[in-house]
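Novice: Here is what each chain is made of, one letter per residue.
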Amino acid sequence: MTRRLTAALVLLLMAGLLSFDLASSRPLDIYDQPSLLALGSGSAADGAHCAALPTE
Amino acid sequence: MSQAAIPAAPIGASTVTRAALIGAALAFALAVALLAGARYGLLILIGLGFGITLEGFRFGFAGPWRRMIVDRNPDGLLGHLLSIGVVALVAFPLLSGAGDELIGAYAPVGFAMVGGAFVFGAAMQLVMGCGSGTLVNAGSGNAIGVLTLPFFAIGSFAGAYNLIWWTNLGSLPTVVFSGTSGLIVTLAALAAVAAFVLWLAPPELRRIPRRYVWASLLLAFFAILNLIVAGQPWGIVYGLGLWAAKGASAIGIPTEPSAFWGIASNQQRIADSLLTDVTSLTNLGIIGGALLVTAWRQGFAQRLPSYPARAWVTAIVAGFLLGYSSRIAFGCNVGAFFSGISTGSLHGWAWFAAAFAGSAVGVRLRPRLGLGG
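Protein sequences appear in the order of chains A and B. The opening residue of the first sequence carries number 1 in this note's numbering; numbering runs sequentially from there. The opening residue of the second sequence carries number 57 in this note's numbering; numbering runs sequentially from there.
In case anyone wonders, no lab produced these hints; they're calculated from the structure. Certain hints may be false.
Quick look at which bits of chain A chain B covers, simulated, 3 or more residues with Cβ under 8 Å [said to hold, decoys possible]:
id : segment
1  : 2 to 14
2  : 28 to 38
3  : 47 to 53
Derived CB-CB ranges, DEER-like [claimed, not checked]:
id : chain 1 : residue 1 : chain 2 : residue 2 : range
4  : B       : W255      : A       : Y31       : 52 to 60 Å
5  : B       : L421      : A       : D32       : 43 to 51 Å
6  : A       : S24       : B       : R420      : 39 to 47 Å
7  : A       : M1        : B       : R267      : 25 to 33 Å
8  : B       : A245      : A       : P27       : 28 to 36 Å
Yeah, the Cβ is synthetic: ideal placement off N, Cα and C, and Gly gets one too.
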C-alpha cells in the first residue's frame, strides 16, 4: 500500500465534510459578504480565533 | 549494466499533471469566492500558501523543536523566531492603527493554559505533528497524520466545550505588549532566545539553512496577509473544533449547554457554512497545499510504513490530546506561539516555555510507544 490510499481517504473526508456542511448549514448568501480586506473595511473583526475568550 | 543504461527515475509529476493540480486549486478558491464571497476565496489561497510553504520547504514546528532538544540543532527554531519577528514588525503598527478592524491573538496566562501547552508539546512530539503539522501530514498522505486529524478535531471541540471551567481554575489578566515599546520588548525577547539557543548549539550548527530562511519569510508573508484579509492572526484549532461541533450537532449532541459553544456567536457559526469561517478556510487550504506539493513531487508513490498496534492507539490518543490541550491553552504552535508572540500576547511566551518543556518529555516517550526514535 502507498500514500495514494491515504491521500484518497483525505480527499474523501474533505469532500464529505464540505458536502455535509453545504447540506446542513444555513444557505450561503453571496450578497451578504464582507469586504475583501478587513483592514480598511470600517467593520470590527468578527472572526473566531483560538486565543479569544467568549465575551458574551 | 552501465550507468547510462539505467532509465532516469521520475523526479516529479508531468507538466500536464502539475497544470491540472494548480488549476484544481485555483478552481476551488474561485468556487468558494463565487459561492461565499471574495474574502473567503482569498483565505483559501492564503491557506494554500501556508501549506505549500510548509510542505514545499519541509519546514514545520515539531521536527525543529525535536532537533533542538536531541541534537542542540537550532536551525528550524531560529527560523521560527525570524518569522515571528518579521510578522511582529508589521503586525504591531497595524494593530495599533487599525482600531477594531484587526485583533491580535490575545489570551490570559493561567494554570490550565500552561498545563495545556505542556501536554500539547508532548503530544506533538509523539505524532511529529503540531496544529499546522497535522494538517500538512494529512494532506501529504502520512498515515499517522490522517488518523490523528479527526481526533484532533474531536479533542478541540471537547476542549472548547470545557474551556471556561478550565480557565476559571485561575488566570491572570490578559497582558498585551503593544505600540513601539511593545514591539521593542518583543523583538528583544526574540533576539535573546535566539542568542540563547545559538549559545547552546555546537559551533558547526550555528546557522539557518537558506531554505529555512525562505520558508520563514514566506510564512511571515502569508501570516501578515491573513491578518490584513481576515482581521485576525493565523490560527488552526478553532476551525477544527467547529468541524466536530457541526458533526456533534448533526448527531444530536447538544452544544447549547457549553459556556463556550452555547454563546450566540458560536451557535451562529455552527449554523453557518464552514466556507465563511476564517480558520476552517485556511485549514482546508493547508491540507490542499500539502496535497498539491506531494502530488507535484509524486510523493504519493511512497509506501505506507508498518507500525505496531500501540503506535496507532498513540496516534488516536495524542490526536485527541492535541485538540483538547490546544483549546485550554488558547492555541497551538500557530495560534498561541506564532500568532500570540507576533501580536504581543504574553500568553504566547508562556505557551512557548511550557510546550518546549512538554516536547522534551514527548521526545523521550515516542520510541517507547512504537513510533520510532
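Novice: None of the hints should be skipped; say for each whether it holds.
Specialist: A quick look at each hint next to the structure:
no., hint, result
1, 2 to 14, "holds (count 11)"
2, 28 to 38, "holds (count 8)"
3, 47 to 53, "holds (count 7)"
4, W255/B <-> Y31/A: 52 to 60 Å, "holds (58 Å)"
5, L421/B <-> D32/A: 43 to 51 Å, "holds (49 Å)"
6, S24/A <-> R420/B: 39 to 47 Å, "holds (44 Å)"
7, M1/A <-> R267/B: 25 to 33 Å, "holds (30 Å)"
8, A245/B <-> P27/A: 28 to 36 Å, "violated (47 Å)"
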